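**Q** Start from chain A and add chain B according to the hints.
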Amino acid sequence: MTSSKQALAQTAPSADAAPGDQPGAARRAHGRGTPPPGTSSWRSRLYRWDMKASPYAFIAPFFIVFGAFGLVPLLYTAWYSLHNVQLSGLDHQTWVGLDNYQNLLSSEFFWNALENTFTIGVISTVPQLVMAIGIAHLLNYRLRGSTVWRVVMLTPYATSVAAATLVFTLLYSWDGGMINWLLHFVGVDPINWRESDWGGQFAVSSIVIWRWTGYNALIYLAAMQAIPTDLYESAALDGAGRWQQFRHVTVPMLRPTILFTVVVSTIGATQLFGEPLLFGGVSGSKGGSAHQYQTLGLYMYDQGWGIGNLGKASAIAWTMFLILLIVAAINLLITRRLRKSQ
Amino acid sequence: MRTSTRRSRRLGALAAVAALTTGLLAGCANDSDDGSSNSDGGGKGGGGKTTLTIGTFGVFGYKQAGLYDEYMKLHPDITIKENVTTRTDVYWPKTLTRLQAGSGTDDIQAIEVGNITEAVQTQADKFVDLGKDVDKSQWLDWKNAQATTKDGKLIGLGTDIGPMAICYRKDLFQKAGLETDRTKLAEQWKGDWSKYVDLGKDYMKKAPSGTKFVDSASSVYNAALGGESERYYDKDGNVIWDKSSGVKKSWNTAMEVATSNMSAKLKQFDPTWDQGYAKGTFATVACPAWMIGYIEQKSGASGKGKWDVAAAPTASNWGGSFIGVPTAGKHQKEAVALAKWLTAPEQQAKVFGKQASFPSTPSAYASLKPQADTTAYFSDAPITQIFSDSAKTIPTQIFGAKDQPIGTAITDVGILQVEQKGKTPDQGWNAAKSEIKDVLGQ
Numbered sequence: 001m002t003s004s005k006q007a008l009a010q011t012a013p014s015a016d017a018a019p020g021d022q023p024g025a026a027r028r029a030h031g032r033g034t035p036p037p038g039t040s041s042w043r044s045r046l047y048r049w050d051m052k053a054s055p056y057a058f059i060a061p062f063f064i065v066f067g068a069f070g071l072v073p074l075l076y077t078a079w080y081s082l083h084n085v086q087l088s089g090l091d092h093q094t095w096v097g098l099d100n101y102q103n104l105l106s107s108e109f110f111w112n113a114l115e116n117t118f119t120i121g122v123i124s125t126v127p128q129l130v131m132a133i134g135i136a137h138l139l140n141y142r143l144r145g146s147t148v149w150r151v152v153m154l155t156p157y158a159t160s161v162a163a164a165t166l167v168f169t170l171l172y173s174w175d176g177g178m179i180n181w182l183l184h185f186v187g188v189d190p191i192n193w194r195e196s197d198w199g200g201q202f203a204v205s206s207i208v209i210w211r212w213t214g215y216n217a218l219i220y221l222a223a224m225q226a227i228p229t230d231l232y233e234s235a236a237l238d239g240a241g242r243w244q245q246f247r248h249v250t251v252p253m254l255r256p257t258i259l260f261t262v263v264v265s266t267i268g269a270t271q272l273f274g275e276p277l278l279f280g281g282v283s284g285s286k287g288g289s290a291h292q293y294q295t296l297g298l299y300m301y302d303q304g305w306g307i308g309n310l311g312k313a314s315a316i317a318w319t320m321f322l323i324l325l326i327v328a329a330i331n332l333l334i335t336r337r338l339r340k341s342q
Numbered sequence: 001m002r003t004s005t006r007r008s009r010r011l012g013a014l015a016a017v018a019a020l021t022t023g024l025l026a027g028c029a030n031d032s033d034d035g036s037s038n039s040d041g042g043g044k045g046g047g048g049k050t051t052l053t054i055g056t057f058g059v060f061g062y063k064q065a066g067l068y069d070e071y072m073k074l075h076p077d078i079t080i081k082e083n084v085t086t087r088t089d090v091y092w093p094k095t096l097t098r099l100q101a102g103s104g105t106d107d108i109q110a111i112e113v114g115n116i117t118e119a120v121q122t123q124a125d126k127f128v129d130l131g132k133d134v135d136k137s138q139w140l141d142w143k144n145a146q147a148t149t150k151d152g153k154l155i156g157l158g159t160d161i162g163p164m165a166i167c168y169r170k171d172l173f174q175k176a177g178l179e180t181d182r183t184k185l186a187e188q189w190k191g192d193w194s195k196y197v198d199l200g201k202d203y204m205k206k207a208p209s210g211t212k213f214v215d216s217a218s219s220v221y222n223a224a225l226g227g228e229s230e231r232y233y234d235k236d237g238n239v240i241w242d243k244s245s246g247v248k249k250s251w252n253t254a255m256e257v258a259t260s261n262m263s264a265k266l267k268q269f270d271p272t273w274d275q276g277y278a279k280g281t282f283a284t285v286a287c288p289a290w291m292i293g294y295i296e297q298k299s300g301a302s303g304k305g306k307w308d309v310a311a312a313p314t315a316s317n318w319g320g321s322f323i324g325v326p327t328a329g330k331h332q333k334e335a336v337a338l339a340k341w342l343t344a345p346e347q348q349a350k351v352f353g354k355q356a357s358f359p360s361t362p363s364a365y366a367s368l369k370p371q372a373d374t375t376a377y378f379s380d381a382p383i384t385q386i387f388s389d390s391a392k393t394i395p396t397q398i399f400g401a402k403d404q405p406i407g408t409a410i411t412d413v414g415i416l417q418v419e420q421k422g423k424t425p426d427q428g429w430n431a432a433k434s435e436i437k438d439v440l441g442q
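Here the protein sequences line up with chains A and B, keeping their order. The first sequence: position 238 = 238 (this note's numbering), numbered continuously. The second sequence: position 232 = 232 (this note's numbering), numbered continuously.
Next comes chain B alone, as it looks inside the complex:
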């Protein structure tokens, strides 16, 4: 299951322009799409089969974990078709326009955590209220809260979440003369991200040549901010990013990274970042659950047994998605049933087993089994334990409608200017400020 914006963009580099045009074309072609898939279902001799479409971005893991096949076996009258748009920045605008046009939406539509508030605030009447159909207590409270409107309507069911840990290269730590035991390390930086940065300074004193402590200052910023309840907006929906204590604290931590030569200065989800994994040029990375699979894939066989996982300084969340049922859909009842089934604890556990996307339903935690490969890859670290502990103590975060563009302005303009253009933190902050002004149309 796909989580952060960025994670999906990694695939997106493939063909933005192509994607843009297909996005537009698909916008026009969708109706006929539906039509053809319907007749497909009929053609297979189903006779009166219902075709449900599910619109996702990136890899959600449902197909990979065999959930569609399983559901179709349980419900012979249902055919499921997944429409994947790899880039979130293409997926979401497209979905928004279709929701408002009241046509062309899929029966189930995925919503990324960065967009959920916008959906709750502006599109609530375009989604079916799922609150009555499910047992809300299955989910983590803060996960439900993100998808609930002021008058208590639940517009999306939680899929995965991104509880945080630190993934680190044991072998590099050893060469730098640092502690390598995961519990002792977690102790050393517990409670504050700046302690983690301090350890980075120690690392740099004896760093193996060609390596840095972290991949980028932005990743530290995102990880730290994921543990703060106050972000860019206050409870009443006012933008408070430049006064927010959470932002300020995370920014300062990121600035320490950006100005102290401990960062490999890579931009996450760029091809060069992937190369960094393959070549082992950084020793740690802030590691939401969904990053586990990514590391395994990008570091490759040579990284096996060298990586380890330790608890993060604070409980924090980065990413996670929802699935909602648009009211424009033709088969709402069936769609709700499918959405409910896909997000039930048992199914979330299955997706974790395949994809390491972390469930948002705590009752699944006891039965989580990572793949044997993955466990071996990360030096037999108790991955599920570490992420479960984090997940249960994550604070409820306040999101706002333009959370995502504001976040991008801070990381990809403000922090990047300090990290890669050698600007001072003040200059970086001011650059972010004028960018955010532009974002908010002020």
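Bound-form chain A, shown alone:
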């Protein structure tokens, strides 16, 4: 090898070039994109090909994996969604066109699941982000043992969904659960959290809030620490109290971060699955006896693996995908608006 520089600039294909063979020329070729004079055109062609193809080779693993485990299943799901496919007869597919989608649009359970996904999404995301920002603001002050507090904030996020949900299930149990026990001191009759219409949604949201608030708080905290302290100092000099500093300095400076967390939380809320499934206990994929907290994810799971109707489950999957695209588009629009208004 002539030089390590050459080795870096030229990758594998050029390795078989003779040692000491005009590295400068090769480098010039890089700049101009024309074959260097005096060298074999075979080599230069190889070199040009290398320059063009190598980047693709480097990013290929991602696309190959994505293709195999993302794109192909996605397209295959689309194909399934146009057929009647039962889990017990994967090789007997009959073409039904858009029947599965039609069936879905006329199904009360689908609309119910869509509505639940939306309401649970709102009542879990909004309080979660508001609380996260407040907690981050508090953690941003100089505190004794601040690292400890930060680690504590992240603990719920590190807990598995299953463990967290099991504990919450016991807390919310209508007979002997801690929450009803506490309520009885203030004279409230026991509430059947799981089976009442809003109780289940509220309970599921509380699990989501519990798990994700700390995570978002840490993201906010990281962004807050990037805010120059002189902004606060000058605000303080102008006589702004802490609340005013929060409103007029912190929140505006956090805007991009807030947008990021809103997007991530929205996607998470649309795909909500584990918490309601486990909260429902036995037959949890129904989301309660009246489907009161059955999300789209649960409905898809119930159709596919509970009932074995893979065609319809695929149609739900694609509908969810389209909904996510719409949500992403709305987010993009809002983001642009806000950027322009800044």
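Honestly, the hints are just simulated from the structure, not real lab data. A quick note: this is a predicted structure, and the numbers were derived from the prediction, not measured. Any given hint could be a false lead.
[Claimed, not checked] Stretches of chain B that chain A covers, calculated by requiring three or more beta carbons in the stretch to come under 8 Å of a beta carbon on chain A: (1) 92-99; (2) 127-133; (3) 257-267; (4) 271-285; (5) 415-424.
[What the hints assert, rightly or not] Which residues of chain B face chain A? A few of them, derived with a C-beta cut under 7 Å, are: (6) D412; (7) D438; (8) V439.
[Said to hold, decoys possible] Pairwise CB distance ranges (calculated): (9) A:D175 <-> B:E346: 57 to 67 Å; (10) A:F260 <-> B:M72: 51 to 61 Å; (11) A:I323 <-> B:T375: 50 to 60 Å; (12) A:D175 <-> B:G177: 18 to 28 Å; (13) A:M178 <-> B:K175: 24 to 34 Å; (14) A:I334 <-> B:N252: 50 to 60 Å; (15) A:F63 <-> B:D141: 37 to 47 Å; (16) B:E70 <-> A:M178: 40 to 50 Å; (17) A:R337 <-> B:S260: 55 to 65 Å.
Where a beta carbon is used, it is the ideal one built from N, C-alpha and C, also for glycine.
**A** This is chain B only, laid out in the frame that chain A set:
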């Protein structure tokens, strides 16, 4: 040996999401699994050892009763490995896809009674016909019938069954001023589940505070339906659930429970149901044989000697499994031999001794010995006698492909809405109806 869907789900609460992902991953990883276990066998110096894998859900008791070790001792050239998936609702879809892919199945695959008809109707060509290899007369006729195709192919060997009794808290009965003798009690409700419900009304008049008569209306429904030959399908495979006399009768009984304040309103196999056992909040529970071990475990030491067992109003069955040999397996001959041995009367009796899973082979009944602990726990009730009597008179039930989801729709939507949401029985029935429509894709 694991029996009803629900029984396995009790363990499942652990980590459905984790299980789901591992389920998917295991789907991809299985081949290498097999490979590694094969080389394992070779590595131990077996040289040409055959590794047989057996796929089960929940606790089957083979390992616990030492059957694998015993078999490996008898056959030094065989190594047995058990792959357990705790949740049936994860296990069965996974097994179905593997059967159809023709790869990744275990050498022996367990099949739950709720899935056996689907297997018989749609997967028969994926299983070895075991009829020629075994003496079919060993099993109860109705058990064989469940695993036999129309053209007489036997795709699974019966493991346990779930003959029914009523387990009751003698101490609570006494406080409520009721009869406590098991034979006299059985006499009182003999022949009809509604008589059992009537006794529940008596119980509630003087019920010890904080206790109810039964755990849930759904359990009464399942127990009653287990004694009816007509369920959700007719002989030709048509869905007749809303016309079925068995369903209607069992539903009405369950409705009486749900609307009369005698139920603790628990959902079976939920953590709160376990708490109910521990705190003693209900006095009776419909008790298939496999429930015996469950009660002993969940009620704990404080329940010892307080529980008793009486014959159920009707002979009825709840749960039970089969093991079949997929044609995709590499060692079919060895697998058939192992399946045959595991389900032979002697082995079923051993599993009963360990696990109280009730044999499906009547010749085992004479030699059944429950553990001394268990007998003492249930006030020296003649458990084996009670369950044997029930087992021999259980009617042959007609199952259908979607039995399980239909059953779930009735209990976990229909009955639960009446019991826990205060809906009327008609509203509950209609809710179940639209749910079942959704299940059947109508």
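**Q** Now tell me if each hint is right for this structure.
**A** How the hints compare with the structure:
1. For the stretch 92-99 of chain B, the assignment as covered by chain A holds, since 3 residues bring a beta-carbon within under 8 Å of that chain's beta-carbons and 3 suffice.
2. For the stretch 127-133 of chain B, the assignment as covered by chain A is violated, since 0 residues bring a beta-carbon within under 8 Å of that chain's beta-carbons and 3 are needed.
3. With 4 residues having a beta carbon nearer than 8 Å to a beta carbon of chain A, the stretch 257-267 of chain B meets the requirement of three or more and the stated coverage holds.
4. With 6 residues having a Cβ less than 8 Å from any Cβ of chain A, the stretch 271-285 of chain B passes the three-residue criterion, so the hint holds.
5. A stretch counts as covered by a chain when three or more of its residues have a beta carbon under 8 Å from one of that chain; for the stretch 415-424 of chain B and chain A the count is 4, and the coverage holds.
6. Interface restraint check for D412 (chain B): the shortest CB-CB distance to chain A comes to about 4 Å, inside 7 Å, so the restraint holds.
7. A distance limit of 7 Å between C-beta atoms decides the matter here; for D438 (chain B) the minimum to chain A is near 6 Å, and the interface restraint holds.
8. Look at V439 (chain B): its Cβ gets to within about 5 Å of chain A, closer than 7 Å, so that hint holds up.
9. Range check, D175 (chain A) to E346 (chain B): about 44 Å between beta-carbon atoms, so the 57 to 67 Å window is missed.
10. At roughly 57 Å, the beta-carbon separation of F260 (chain A) and M72 (chain B) lies within the given 51 to 61 Å, and the hint holds.
11. I323 (chain A) and T375 (chain B) have their C-beta atoms about 59 Å apart, which keeps the hinted 50 to 60 Å range intact.
12. At roughly 25 Å, the beta carbons of D175 (chain A) and G177 (chain B) sit within the given window of 18 to 28 Å.
13. A C-beta distance of roughly 28 Å is found between M178 (chain A) and K175 (chain B), which places it inside the suggested range of 24 to 34 Å.
14. At about 56 Å, the CB distance of I334 (chain A) to N252 (chain B) agrees with the hint of 50 to 60 Å.
15. Judged by the Cβ atoms, the range 37 to 47 Å given for F63 (chain A) and D141 (chain B) is violated: they are separated by roughly 59 Å.
16. Between E70 (chain B) and M178 (chain A) the beta carbon distance is about 47 Å. The supplied range of 40 to 50 Å therefore holds.
17. At about 60 Å, the beta-carbon gap between R337 (chain A) and S260 (chain B) stays in the expected band of 55 to 65 Å.
The structure shown violates the earlier hints numbered 2, 9, 15.
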